Amino acid sequence: QQQVKQSPQSLIVQKGGIPIINCAYENTAFDYFPWYQQFPGKGPALLIAIRPDVSEKKEGRFTISFNKSAKQFSLHIMDSQPGDSATYFCAARRYRDDKIIFGKGTRLHILP
Amino acid sequence: DAGITQSPRYKITETGRQVTLMCHQTWSHSYMFWYRQDLGHGLRLIYYSAAADITDKGEVPDGYVVSRSKTENFPLTLESATRSQTSVYFCASSGYFGDKDRWYGYTFGSGTRLTVV
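Order-wise, the sequence lines are chains V and S.
Note that our numbering numbers the first sequence so that position 35 is 35, with each residue one more than the last.
With the second sequence counted from 1, adding 112 to any position gets you our numbering.
Isolated chain V, as found in the complex:
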């Protein structure tokens, strides 16, 4: 059962543009919402994360927006660069057992 739905599946953006990846969750037992970045041939790596009592978090060019009432959150990448081309996974952590439920991923390509 898919509890974290991610869109779009793939995204192509010009350099300098602002790609936006959206996620929605169904379970209110989640307490932590991380985003992972994965380059080809590598394992996913934690990029940025947010707790549900915060509406926005910025780290460098990466921003998470969180809407608790709508059960939605999104990743924005400011001034995107070709080096940001990767697969991005949103996720939600279940507090009682640390289990993370991942979205299906978004393949992002930034054109030079």
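Hints are computed from structural coordinates only; laboratory data are not their basis.
Since the model is a prediction, treat every value here as computed from it, not as a measurement.
Among the clues, some could well be false.
No farther apart than 27 Å at their CA atoms in a straight line, the calculated lysine-lysine pairs in the DSSO-like style are these [unchecked claim]:
1. S:LYS182 x V:LYS42
2. V:LYS5 x V:LYS42
3. V:LYS42 x V:LYS104
4. V:LYS58 x V:LYS99
5. V:LYS5 x V:LYS58
6. V:LYS5 x S:LYS169
7. V:LYS57 x V:LYS68
8. V:LYS57 x V:LYS99
9. V:LYS5 x V:LYS99
10. S:LYS169 x V:LYS104
11. V:LYS57 x V:LYS5
12. V:LYS15 x V:LYS104
13. V:LYS99 x S:LYS182
14. S:LYS182 x S:LYS123
15. V:LYS42 x S:LYS169
16. S:LYS123 x V:LYS104
17. V:LYS57 x V:LYS15
18. V:LYS68 x V:LYS58
19. V:LYS99 x S:LYS169
20. V:LYS68 x V:LYS104
21. S:LYS123 x V:LYS42
Start from chain V and add chain S according to the hints.
Chain S only, in chain V's frame:
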């Protein structure tokens, strides 16, 4: 070296053979996980472990066996490999700096690319 390591990096095996994928972490993290990654399916949890000798099934456990006799090791065994198990397998661990408010997410290994022919 500190971190989480998986071996082998690549493996080709024949249908019906048993194969074991290794995972070792140096942080003494309590939780460890095995995922498989397939195009169109994202990351799917196979098994996870909350501590040594405590394991539980994830989303797609059929055909796999795990054990965790030591905190640092979490091997995954395919008892009789099938072509549908061709995939990239990732091991991950998670832990805390002191208390649950300082959780720093999952750390993934570099993966094992398994091909069953």
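Now the hints, each set against the structure:
no.	hint	verdict
1	S:LYS182 x V:LYS42	holds (26 Å)
2	V:LYS5 x V:LYS42	holds (23 Å)
3	V:LYS42 x V:LYS104	holds (17 Å)
4	V:LYS58 x V:LYS99	holds (24 Å)
5	V:LYS5 x V:LYS58	holds (22 Å)
6	V:LYS5 x S:LYS169	holds (22 Å)
7	V:LYS57 x V:LYS68	holds (14 Å)
8	V:LYS57 x V:LYS99	holds (22 Å)
9	V:LYS5 x V:LYS99	holds (16 Å)
10	S:LYS169 x V:LYS104	holds (20 Å)
11	V:LYS57 x V:LYS5	holds (20 Å)
12	V:LYS15 x V:LYS104	holds (24 Å)
13	V:LYS99 x S:LYS182	holds (20 Å)
14	S:LYS182 x S:LYS123	holds (24 Å)
15	V:LYS42 x S:LYS169	holds (25 Å)
16	S:LYS123 x V:LYS104	holds (25 Å)
17	V:LYS57 x V:LYS15	holds (23 Å)
18	V:LYS68 x V:LYS58	holds (17 Å)
19	V:LYS99 x S:LYS169	holds (11 Å)
20	V:LYS68 x V:LYS104	holds (21 Å)
21	S:LYS123 x V:LYS42	holds (16 Å)
The structure shown violates none of the earlier numbered hints.
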